[in-house]
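Protein chains in written order, with our numbering: chain A, 1 to 128; chain B, 1001 to 1114; chain C, 2001 to 2137.
What the hints contain is simulated information worked out from the structure, not anything from laboratory work.
Just so it is clear, the structure is predicted and the values come from calculations on it, not from any experiment.
Some clues are possibly wrong.
[What the hints assert, rightly or not] With a straight-line Cα cutoff of 27 Å, these simulated BS3-like cross-link-like pairs (lysine-lysine) come out:
#1 C:2131 <-> A:117
#2 C:2137 <-> C:2123
#3 A:54 <-> A:93
#4 B:1064 <-> A:117
#5 B:1064 <-> C:2045
[Said to hold, decoys possible] Residues from chain B that face chain C, not an exhaustive set, calculated with beta carbons under 7 Å:
#6 1073
#7 1074
#8 1075
#9 1076
#10 1078
#11 1079
#12 1082
[As the list claims (entries may be wrong)] Per the computed footprint, the stretches of chain B lying under chain A, defined by three or more beta-carbons under 8 Å from a beta-carbon of chain A, are:
#13 1045–1057
#14 1062–1071
Cβ atoms here follow ideal geometry from the backbone N, Cα and C, with glycine treated the same way.
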Amino acid sequence: MIDPIFQSGNYQLARTLLDAAALRQEAIASNIANAETPGYRRLDIAPDFAAQLKSRCLAGEMTGGANPLQPTLAQDPNARSIRPDGNSVEIEKELLAMNKNAVEYQFLTEVVSGNIKQLKMAITGRVS
Amino acid sequence: MSIIGSIPPSAFNNLSINPLEAAQKTKMAAPMPDGVRLAQPTESFGTMLEGLVSNVSDKQAQAKAVTQQVLLGENDQLHQSVIAMQEASVAFSLMVEVRNKLVESYQELMRMQV
Amino acid sequence: MNLISGVDITSGALTAQKIRLDIVAQNIANAQTTRTPEGGPYQRKIISFENELVKRAGGASLETVAVSGITNDKAPGQAVYNPQHPDAGPDGTVMMPNVNLAFEMVDLITASRAYEANLSVVKNARSLAMKALEIGK
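Build the full structure now, drawing on both the sequences and the hints.
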């Protein structure tokens, strides 16, 4: 009886995307750390995660709850190898991606936080 | 004065002192649309409350499990633990508000003069 | 408790870059050293990196970078004709160290940039964690 109040579409979507954003931050940390290691290929969220998420949303299924969609890390197939030693990390791109990810993460926490605060306000009748 | 005069006296028969009676009469006069069945309660109020309490305790147990994983270092997803704790607290405060309202209405009933 | 994401990876990289900076500093300081305890001029030191697996809670392990070894650069240095130098050989030439200041400065700047990049990663991760703690408040 409690679970339906937490199943607003945007809320579950934001929770799943928050998992993905946290994982992406780790991938970027690994990429920047290994920016000069020979043979290192850059990591990112697996490319089929976005497609799966979109198809689940269009089908109207919940992305969390009983069958959560977990993001995974995989080597980025689109990164070109720009150095002769096989390293495919461009540090400027990584820093930009990190900034973008930070803003996404903060936006997602706002969405989740807003939902929870609204529920609290509705239940207690007091504005926080 | 001419407006009042234009209302026929027979119209006053439909007005009654008790507005509730009129509402009931109108209700019975209107035919029930097909395919509408009045919802019959399937479970008692007591079992519903028990369900609420067990749901809340499930949510609390879930939050406790995730937080324990983070504390022990088995899981590094901090945001999952924070969100689980907040959801558990929302569920708990819902239960507390339901209890408050029940107690309040019980006390209101007890105050009624027989 | 690993609450800041990726902190193990970044700390490995910070240590590696710091060691690299130290080696560059050592090379620059010894750019004119013609006498070493091993005999012969100072040999430029080269640092090499390798992958090191960091075990992550839940999920595949990620790699960080670690120093695999500090070796000498075998290329010979310049031979400068200076018969008055105390370390001059029988033909009057002094073997100078094979340190090229231009290369070392480029290495220095690259190492500093990498160090700063990793610092900003950690700063960012910390601010994300603090923002996550404020959910619902």
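Comparing the hints with the structure gives:
Taking the CA atoms of residue 2131 of chain C and residue 117 of chain A, the gap is about 15 Å. The hint holds against a cut of 27 Å. Only pairs whose Cα atoms come within 27 Å are accepted, and residue 2137 of chain C paired with residue 2123 of chain C is accepted, the gap being roughly 23 Å. Between the alpha carbons of residue 54 of chain A and residue 93 of chain A the distance comes to roughly 25 Å, so the proposed pair stays at or under 27 Å and holds. Proposed proximity of residue 1064 of chain B and residue 117 of chain A is supported: the alpha carbons are some 21 Å apart, at most 27 Å.
Between the alpha carbons of residue 1064 of chain B and residue 2045 of chain C the distance comes to roughly 53 Å, so the proposed pair goes past 27 Å and is violated. The interface hint given for residue 1073 of chain B holds, since its Cβ lies 5 Å from the closest Cβ of chain C, which is under the 7 Å cut-off. Interface restraint check: residue 1074 of chain B against chain C, minimum CB-CB distance 5 Å, threshold 7 Å, status holds. The restraint placing residue 1075 of chain B at the interface with chain C holds, with a minimum CB-CB distance near 6 Å, inside the 7 Å limit.
The beta carbon of residue 1076 of chain B comes within 4 Å of a beta carbon in chain C, closer than 7 Å, and the hint placing it at the interface holds. Restraint check, residue 1078 of chain B versus chain C: the minimum CB separation of about 5 Å is within 7 Å; hint holds. A least Cβ separation of about 4 Å between residue 1079 of chain B and chain C falls short of the 7 Å threshold, and the interface hint therefore holds. The interface hint given for residue 1082 of chain B holds, since its Cβ lies 5 Å from the closest Cβ of chain C, which is under the 7 Å cut-off.
Only residues whose C-beta sits within less than 8 Å of a C-beta in chain A count toward coverage, and the stretch 1045–1057 of chain B has 5 of them, enough to reach three; the restraint holds. By the rule of at least three residues with a Cβ nearer than 8 Å to a Cβ of chain A, the coverage given for the stretch 1062–1071 of chain B is violated, with 0 such residues.
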